[in-house]
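Peer 1: Here is how the chains run, residue by residue.
There are 2 protein chains.
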Amino acid sequence: MASKLGLEITIADLERLFRWAPGGHPPPPAADAADHGGRPPVRVAYQGGRGSYCQEAAAKAFPPSSSWQRPPPLIIPCSEMEEAFAALEDGAADRAVVPAENSVDGPVPRNLDLLLRHPHICIVGELVLPVNHCLLSLPQAPRSALRRVVSHPQAISHCRDRLRALHLRVEEVASANDAARFVAENRIADTAVIGSQIAAREFGLRVLENNFQDLAGNFNRFFQLGLAGSIGAVVVEPNLDDNDNNKHKTTVAFSLERGVSDLFRAMWIFESRGVRVTRVDHRPNRSNPVRVEEREEAGEFARFDYVFVLDLDGTASDTNVEAALARLKEIAGFARVLGSYTCSLA
Amino acid sequence: MASKLGLEITIADLERLFRWAPGGHPPPPAADAADHGGRPPVRVAYQGGRGSYCQEAAAKAFPPSSSWQRPPPLIIPCSEMEEAFAALEDGAADRAVVPAENSVDGPVPRNLDLLLRHPHICIVGELVLPVNHCLLSLPQAPRSALRRVVSHPQAISHCRDRLRALHLRVEEVASANDAARFVAENRIADTAVIGSQIAAREFGLRVLENNFQDLAGNFNRFFQLGLAGSIGAVVVEPNLDDNDNNKHKTTVAFSLERGVSDLFRAMWIFESRGVRVTRVDHRPNRSNPVRVEEREEAGEFARFDYVFVLDLDGTASDTNVEAALARLKEIAGFARVLGSYTCSLA
Chain A
1 MASKLGLEIT IADLERLFRW APGGHPPPPA ADAADHGGRP PVRVAYQGGR GSYCQEAAAK
61 AFPPSSSWQR PPPLIIPCSE MEEAFAALED GAADRAVVPA ENSVDGPVPR NLDLLLRHPH
121 ICIVGELVLP VNHCLLSLPQ APRSALRRVV SHPQAISHCR DRLRALHLRV EEVASANDAA
181 RFVAENRIAD TAVIGSQIAA REFGLRVLEN NFQDLAGNFN RFFQLGLAGS IGAVVVEPNL
241 DDNDNNKHKT TVAFSLERGV SDLFRAMWIF ESRGVRVTRV DHRPNRSNPV RVEEREEAGE
301 FARFDYVFVL DLDGTASDTN VEAALARLKE IAGFARVLGS YTCSLA
Chain B
1 MASKLGLEIT IADLERLFRW APGGHPPPPA ADAADHGGRP PVRVAYQGGR GSYCQEAAAK
61 AFPPSSSWQR PPPLIIPCSE MEEAFAALED GAADRAVVPA ENSVDGPVPR NLDLLLRHPH
121 ICIVGELVLP VNHCLLSLPQ APRSALRRVV SHPQAISHCR DRLRALHLRV EEVASANDAA
181 RFVAENRIAD TAVIGSQIAA REFGLRVLEN NFQDLAGNFN RFFQLGLAGS IGAVVVEPNL
241 DDNDNNKHKT TVAFSLERGV SDLFRAMWIF ESRGVRVTRV DHRPNRSNPV RVEEREEAGE
301 FARFDYVFVL DLDGTASDTN VEAALARLKE IAGFARVLGS YTCSLA
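In order, the protein sequences belong to chains A and B.
Numbering-wise, UniProt numbering puts 22 at position 22 of the first sequence, and it's gapless, one number per residue.
Numbering-wise, UniProt numbering puts 291 at position 291 of the second sequence, and it's gapless, one number per residue.
Hints were generated in silico from the structure; no laboratory data involved.
Since the model is a prediction, treat every value here as computed from it, not as a measurement.
Note that CB positions come from ideal geometry on N, CA and C, so glycine has one too.
Hints are not guaranteed to be accurate.
Now the stretches of chain A that chain B is said to cover, found in silico as 3 or more residues with beta-carbon under 8 Å [said to hold, decoys possible]: (1) 98–104; (2) 252–265; (3) 273–280.
Just a few of them, taken from the derived set where beta-carbon distance is under 7 Å, the chain A residues facing chain B [what the hints assert, rightly or not]: (4) 289; (5) 290; (6) 304.
Could you put the whole structure together from the sequences, leaning on the hints where they help?
Peer 2: Written out as structure tokens, the structure is:
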């Protein structure tokens with residue numbers, strides 16, 4: 001009986017580890033949560049593999065902290081953005097961290113499309129992090145042994161000038177973190193990887209250079225996502241102080257019966273109430289991407305139809321924001337607050 | 001001497017053919033232009049390979065036409081968007097056609113970045129075309145021989161429901177037109193390709209189904225580009241009538257010293273003068289992607305800096321547009337009209 005119990009524990013542990021693996025589902029709250037006041041760990045899904053910049057963002061947003069009275073957060077890799085959304089929807093994760101924008105390359109529109117497709121998921125926080133592209137190599141290998149540098153095309157494009165000065169062969173790979181793991185596991189001495197600090201830590205590589213990027217103003221913006229109904233229920237306190245660098249924002253998505261020609265009118269609804277519009281985006285209205293309409297002077301005309309996405313200063317419960325949102329709903333085909341949250345600069 | 005002359009002609013012809021090849025530069029105006037009133041052919045670079053939707057757009061915008069008094073246009077494939085821009089800059093092409101947006105998947109931001117980097121290139125026309133995804137196969141092969149369908153991930157995502165009903169294996173490839181050529185050249189009877197009508201014509205494939213996409217509202221938007229100084233000099237008359245479906249637009253790009261918080265003010269400059277803003281886009285300001293600024297209430301704050309891109313109703317020479325542009329320049333870090341052009345729905 002004792003041996004059976006032992007076996008059961010082993011299987012449970014294996015299952016937990018297995019479900020923790022990249023692409024798998026997170027483990028259930030640990031049974032030994034009693035050490036942490038009985039509270040289960042926060043489960044944070046992120047888009048990307050081990051060693052990715054998004055893992056770095058998830059770890060920064062949810063660090064282990066004794067003040068939490070919780071076991072360390074479970075940081076769960078998801079190979080696809082869809083997987084991170086699914087983990088929230090099926091209750092396998094309490095939070096998800098996904099990339100939203102790079103200051104040099106622009107926004108990642110995919111997560112707006114997914115937010116529009118998942119009405120129960122909303123933005124609960126925003127995190128801006130400086131990009132630190134590191135030049136990584138095997139710890140034991142001498143620098144003179146290096147013959148080539150590999151990374152994702154985006155990272156390579158961020159480090160073009162610095163790479164040129166190295167006079168090494170440069171090769172693009174689909175995933176910088178997979179390349180870092182490959183170099184570490186196969187002890188490849190002639191190859192450096194441009195990757196994150198967390199990749200160095202995860203795979204035991206040496207950081208030859210920090211901040212290897214050409215431009216100083218290279219930042220990533222990430223969204224923290226949560227399930228709408230659970231925001232109050234799941235107590236998650238990220239370790240980012242509500243300090244002076246933080247800022248309250250509301251993101252609202254809506255369609256307009258008269259399309260872009262009403263966009264300014266929609267913006268005016270906010271600005272005229274003292275609510276500043278700080279971002280204007282649009283995505284295809286997938287339920288009805290093109291409208292054919294009659295124009296008095298020009299006959300039939302096909303116009304692309306959009307879902308507009310505005311960022312506003314303030315929270316959705318501010319009197320002015322509330323009044324403006326109520327007015328917007330009168331002219332919008334649909335309108336939905338995607339989130340009312342705090343922006344943090346780490 | 002005659003043989004030498006003969007040889008010279010052959011080399012010139014070979015050179016012309018060689019430079020006409022995919023990725024190469026276009027031939028110089030043909031020597032026998034006398035048949036066409038002495039006018040050289042219009043050379044149109046497009047982004048994509050033979051058989052691509054962009055080739056279809058280029059052919060639609062510049063069809064052979066006797067009314068032109070010119071030899072047929074030379075349609076020149078460019079594998080990269082940069083190559084099409086370079087062909088304009090070095091005088092190897094008179095026009096370029098590049099994809100700007102798909103109504104289901106959203107904009108192609110790369111060409112805005114390139115337009116910002118190439119100050120002498122501007123938008124001279126816009127073309128909206130319905131997407132016609134065709135199911136293509138070898139003409140001789142029976143339909144029952146088909147075992148799989150291949151295409152670019154975007155085309156596959158547009159045809160997901162129809163593909164499911166076929167009960168065939170579906171495989172993603174990097175280039176649908178390369179796949180179409182491969183199927184044709186290697187006489188592969190078990191594979192259908194989702195591709196363009198022009199791919200069927202170019203490679204001799206059979207169109208099993210037209211409009212194989214799931215959604216009816218699937219349109220592509222293309223830009224026609226030209227070199228700013230040459231717009232008056234090179235007479236190019238696309239075969240699209242200035243009919244009732246056409247519409248005059250102006251696209252202006254600018255940066256704002258105070259960033260997004262001044263965006264509404266910039267839009268107001270146009271709207272208050274009766275100039276309708278029909279599109280609001282932004283791209284990273286690559287020369288200065290992030291600004292660190294002091295906020296009275298919140299200390300230091302890093303904000304992403306953008307180049308804003310607005311589409312306006314009307315031409316840049318309209319009195320109201322002109323006045324608004326002059327006013328915009330007073331509050332903008334830089335401001336540039338990317339083009340004043342006609343939008344055509346084919």
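Peer 1: For every hint, state whether the structure bears it out.
Peer 2: Evaluation of the provided hints:
1. 98–104: holds (count 4)
2. 252–265: holds (count 4)
3. 273–280: It holds: at least three residues are needed, and the segment 273–280 of chain A offers 5 whose Cβ sits within less than 8 Å of chain B.
4. 289: holds (4 Å)
5. 290: holds (4 Å)
6. 304: holds (5 Å)
The structure fails none of the hints (numbered hints given earlier).
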